[in-house]
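Based on the hints, put chain B in the right spot on chain A.
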Amino acid sequence: MDFVTLRIKVKEEAEKRGFTDWEITFSGSQGTDLMVRNGQVDHFENSIQHGIAFRGNVNGKTGYSYSEKIDDDAISYLIKEAFDNAQIIEEEAEIFFEGSESYPEVNSYNDDIECITPEKLIENAVDMEKSLLNSSEYMKAADYCLCGKSSGESFMANSKGLNLQFKQNMAVGYISGIAENDGDIKTGGEYWYGCDIEKFSPKELGEKAGKKIVSHMGAKSIPSAEMNVVFENEAMSDILATFSGVFFAENAQKGFSMLEGKKGTLIGSEILNIKDDGICEKSGYSIPFDSEGVAVQNKYVIEKGVLKTLLYNLKSASKDNTVSTGNGFKAGLKSPVVTTCTNFYIEKGNCTRNDIIKSVCDGIIITDVTGLHAGANTISGDFSLSAEGFLIENGNITSPVEQITVAGNFYDILKNIEKIADDVKFSMPSGMGVFGSPTVFVGKMSVSGM
Amino acid sequence: MLNKSVVENTISAALSTGGTFAEIFMEDTKRSSISMVNGKVEKAFSGIDYGVGIRIFNGTNAVYAFTNDTSEKSLVETAKNAAVVIKNGKGDGKVMDFTKKEFDNRNIIKIMPNTIDKKRKAEILRTASNAAFSYSDVISQTRSGYADVCQDIFIANSEGLWTTDRRVRSRFTIEAVASSETEKQSGRFSPGGSLGFELFDTIDVEELAREAAKTAVTMLNAKNCPSGKMPVVIDNGFGGVIFHEACGHGLEATAVARNASVFAGKLGQKIASDVVTAIDDGTIPNGWGSANIDDEGNFCQRNVLIENGVLKSYLIDKLNGLRMGMSSTGSGRRESYRFAPTSRMTNTFIAAGKSTPDEIISNTEYGLYAKQMGGGSVDPATGAFNFAVLEGYIIRNGKICEPVRGATLIGKGSDILTKIDMVGNNVLRAQGMCGSISGSIPADVGQPMIRVSEITVGGRGE
Numbered sequence: 242m243d244f245v246t247l248r249i250k251v252k253e254e255a256e257k258r259g260f261t262d263w264e265i266t267f268s269g270s271q272g273t274d275l276m277v278r279n280g281q282v283d284h285f286e287n288s289i290q291h292g293i294a295f296r297g298n299v300n301g302k303t304g305y306s307y308s309e310k311i312d313d314d315a316i317s318y319l320i321k322e323a324f325d326n327a328q329i330i331e332e333e334a335e336i337f338f339e340g341s342e343s344y345p346e347v348n349s350y351n352d353d354i355e356c357i358t359p360e361k362l363i364e365n366a367v368d369m370e371k372s373l374l375n376s377s378e379y380m381k382a383a384d385y386c387l388c389g390k391s392s393g394e395s396f397m398a399n400s401k402g403l404n405l406q407f408k409q410n411m412a413v414g415y416i417s418g419i420a421e422n423d424g425d426i427k428t429g430g431e432y433w434y435g436c437d438i439e440k441f442s443p444k445e446l447g448e449k450a451g452k453k454i455v456s457h458m459g460a461k462s463i464p465s466a467e468m469n470v471v472f473e474n475e476a477m478s479d480i481l482a483t484f485s486g487v488f489f490a491e492n493a494q495k496g497f498s499m500l501e502g503k504k505g506t507l508i509g510s511e512i513l514n515i516k517d518d519g520i521c522e523k524s525g526y527s528i529p530f531d532s533e534g535v536a537v538q539n540k541y542v543i544e545k546g547v548l549k550t551l552l553y554n555l556k557s558a559s560k561d562n563t564v565s566t567g568n569g570f571k572a573g574l575k576s577p578v579v580t581t582c583t584n585f586y587i588e589k590g591n592c593t594r595n596d597i598i599k600s601v602c603d604g605i606i607i608t609d610v611t612g613l614h615a616g617a618n619t620i621s622g623d624f625s626l627s628a629e630g631f632l633i634e635n636g637n638i639t640s641p642v643e644q645i646t647v648a649g650n651f652y653d654i655l656k657n658i659e660k661i662a663d664d665v666k667f668s669m670p671s672g673m674g675v676f677g678s679p680t681v682f683v684g685k686m687s688v689s690g691m
Numbered sequence: 099m100l101n102k103s104v105v106e107n108t109i110s111a112a113l114s115t116g117g118t119f120a121e122i123f124m125e126d127t128k129r130s131s132i133s134m135v136n137g138k139v140e141k142a143f144s145g146i147d148y149g150v151g152i153r154i155f156n157g158t159n160a161v162y163a164f165t166n167d168t169s170e171k172s173l174v175e176t177a178k179n180a181a182v183v184i185k186n187g188k189g190d191g192k193v194m195d196f197t198k199k200e201f202d203n204r205n206i207i208k209i210m211p212n213t214i215d216k217k218r219k220a221e222i223l224r225t226a227s228n229a230a231f232s233y234s235d236v237i238s239q240t241r242s243g244y245a246d247v248c249q250d251i252f253i254a255n256s257e258g259l260w261t262t263d264r265r266v267r268s269r270f271t272i273e274a275v276a277s278s279e280t281e282k283q284s285g286r287f288s289p290g291g292s293l294g295f296e297l298f299d300t301i302d303v304e305e306l307a308r309e310a311a312k313t314a315v316t317m318l319n320a321k322n323c324p325s326g327k328m329p330v331v332i333d334n335g336f337g338g339v340i341f342h343e344a345c346g347h348g349l350e351a352t353a354v355a356r357n358a359s360v361f362a363g364k365l366g367q368k369i370a371s372d373v374v375t376a377i378d379d380g381t382i383p384n385g386w387g388s389a390n391i392d393d394e395g396n397f398c399q400r401n402v403l404i405e406n407g408v409l410k411s412y413l414i415d416k417l418n419g420l421r422m423g424m425s426s427t428g429s430g431r432r433e434s435y436r437f438a439p440t441s442r443m444t445n446t447f448i449a450a451g452k453s454t455p456d457e458i459i460s461n462t463e464y465g466l467y468a469k470q471m472g473g474g475s476v477d478p479a480t481g482a483f484n485f486a487v488l489e490g491y492i493i494r495n496g497k498i499c500e501p502v503r504g505a506t507l508i509g510k511g512s513d514i515l516t517k518i519d520m521v522g523n524n525v526l527r528a529q530g531m532c533g534s535i536s537g538s539i540p541a542d543v544g545q546p547m548i549r550v551s552e553i554t555v556g557g558r559g560e
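Here the protein sequences come in this chain order: A and B. For what it's worth, the working numbering labels the leading residue of the first sequence as 242, then goes sequentially. For what it's worth, the working numbering labels the leading residue of the second sequence as 99, then goes sequentially.
There could be a bad hint or two in this list.
As the list claims (entries may be wrong) - Here are the simulated EDC-like cross-link-like pairs (lysine to aspartate or glutamate), alpha carbons at most 20 Å apart as the crow flies:
#1 B:185 x A:274
#2 B:141 x A:332
#3 A:401 x A:253
Stated by the list, open to error - Just the calculated beta-carbon pair ranges, DEER-fashion:
#4 B:299 x A:627: 47 to 57 Å
#5 A:541 x B:538: 31 to 41 Å
#6 B:538 x A:600: 43 to 53 Å
#7 A:503 x B:464: 49 to 59 Å
#8 B:538 x A:437: 32 to 42 Å
Keep in mind that the hints were calculated from the coordinates and are not lab data. Note that beta-carbon positions come from the ideal geometry of N, C-alpha and C, so glycine has one too.
Isolated chain A (complex conformation) (with noise of 0.2 Å):
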């Protein structure tokens, strides 16, 4: 059934049992994904998949349901459920768009990825593997061995005339290796996604991987002290996606977040600035519109350390009597609209990683953090973060260090940014959007080690 067909069958039906307000959504994906181990094919996996998911008023209340079944009688099902489910619920209803002024091109859709082969990508992974060995005489194994492709479309309608399409593709690799000398024992990965194929290297990203992992060897833990602290891109991205629901306004006006009622006023150091853009071709990952049919913005969130706005869907705006900012989406064809980062990531400085760490002249450069998930108060903004990294003496980089723990503040660290570098790196995409940062230097914090 092809979308215009869906579209006439789902109003006639919605219309009839008394829907004021509906949406149809459409979204299909296909991709290929394998694994390689030891330089043969271990794992490998084509899939196709599609669905429909329906959302409408009826009695003053919202009521959702999905099929990936897509006939008349799953229309007759989505309607009837939607209907059923409505009628329980307490909440209010949802607000439904008419389509915004316009929207923005996109160019996320590249038919060099249609055409690589399932003899290519096998080709990729093998080299990304043998580059990850190579790379030095303490690799003992690759450890995950990705490479993939998928393509995208997605199609929605609703009954305030709204009627929208988007295409998308990409292509991913990813490797993470094993690495050993006399009992110490190293882990660590790269990835690369994109729809620029051109610009992927296998075995770049295989040396890559196998560097970054070598380079941790012989870490120690350190005393417990004040120090000055780096955090590198990766890392930083990290602590920026797991505190980004302090910016949606819903959570700001359920009392999740310190910043309800902070806009306009300054809340980080003057030379930080933080964006959410949902057209981004550096991160590879651009979309024209939200789950809700509204235009995605390249907006500041945070402009020389004032904050500027919160990220709005329609109900949290229509809450605070603002326009939406584009940042309502779903998860997928089974989840409620939420709100969602799309590209979010600190802009980047006006020196390098290196002068960062030549100014800095003795402190600690953290490249990894963990225990984001347990060791994050999301609310208050305090982390107690595991972290790994290396020393930093007389301006340069020496030992690497680990088993140490970081503490701080999330809030503090937006203020403390004293020096922001211009090595901006980009998260893989993930159902909470896309994050990035550049090196940040974040002045004094307390490091507790041995």
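Showing chain B alone in chain A's frame:
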């Protein structure tokens, strides 16, 4: 669900490059759920999961593909695209004649969930929420939930298997949170089964809500648990989660075949104390983790894993069985058509011993009584675990004394097995969702009251 020629053509396409085995798994599943917070319905969802998974073996290597498009053209194409990956296969491409596998349904459903109005389901949740709130003024929040699923499956394979099954499950959840100015404590129950709406004839939701509230309130007023090594009495029911996580996963062929389990190569050896017998039983009528057949079409079985301390069996799926040279134990399970099946638990429990609960408590001079277990984590490679005790008490001079909070149990599964020195006669099973490489599936944990002579207890108290 599919006609014979479509199945034959799809399997033939799957074997066209020399695959040694091919299988089709199809499902048509209806799900419905309601969640209530503080007595108000916040979310109600329903939907259909529908699709086909195709699996091909080449010896002990496997390829998997899935699609929601179940037309013949799509299935044959999906099978062909997956088969491309098989190189130098030794299979002859032959598909055996299908023989329909028949059986008596062990999980009889009396009231199909979709025949009951959602309002009645919401009212049950409200009744539970009210009961929890009225238990005490310090109950500050309740969450109650209802979920049902009806999964129709069809499996056929190149060895001539042709079978179908229907799995209906229902579950109820109540959680009560008690708060003071500085603390939050919670109590929770979530019973379920391979049952329809008659689930609610087998449970008393108000009583469960009051019990959950009682746990929360008791713990709110408890002092911090002391730390150190001590005897620990773990109560029946959800206490079995430690065996499930720290031992059960190590007995799955997924880990054993890769030699990534401490129990690999130990069949016939003594791995637990004499009083320990452990069973995985997918045949319990209406059990939460029960089914007539597994997701590879083999009959579910009652597998004795450990008998009087001796390791008797692993949990084995078809692919890992080939790798290990052993046959399936009816343990191939998966969340949905999106996952290739692998060896998983069904209803796993420590079998009844001879002691009464009173004997166990009165024979313990000093220790911790872990009445309700909470969540935890396990390192699968080593079996090292870390579990929170939701409701705990100090045992002193053979009597249960003051409640304690914040206790965690730390240890290794293989050590604990040898330190179980008393096993009660009151087996109880409790329901959970178990996550692993083939997705999230319903599984029962269970045990009678047991005593472990020594576990490291973590706590902040003196």
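Results of checking the hints against the structure:
1. B:185 x A:274: holds (17 Å)
2. B:141 x A:332: It holds: about 8 Å lies between the C-alpha atoms, which stays within 20 Å.
3. A:401 x A:253: holds (14 Å)
4. B:299 x A:627: 47 to 57 Å: holds (49 Å)
5. A:541 x B:538: 31 to 41 Å: About 40 Å separates the Cβ atoms of residue 541 of chain A and residue 538 of chain B, which means 31 to 41 Å holds.
6. B:538 x A:600: 43 to 53 Å: The hint (43 to 53 Å, Cβ to Cβ) holds, given that residue 538 of chain B and residue 600 of chain A are roughly 49 Å apart.
7. A:503 x B:464: 49 to 59 Å: 53 Å Cβ-Cβ, so the 49 to 59 Å window holds.
8. B:538 x A:437: 32 to 42 Å: holds (35 Å)
The structure agrees with every numbered hint stated previously.
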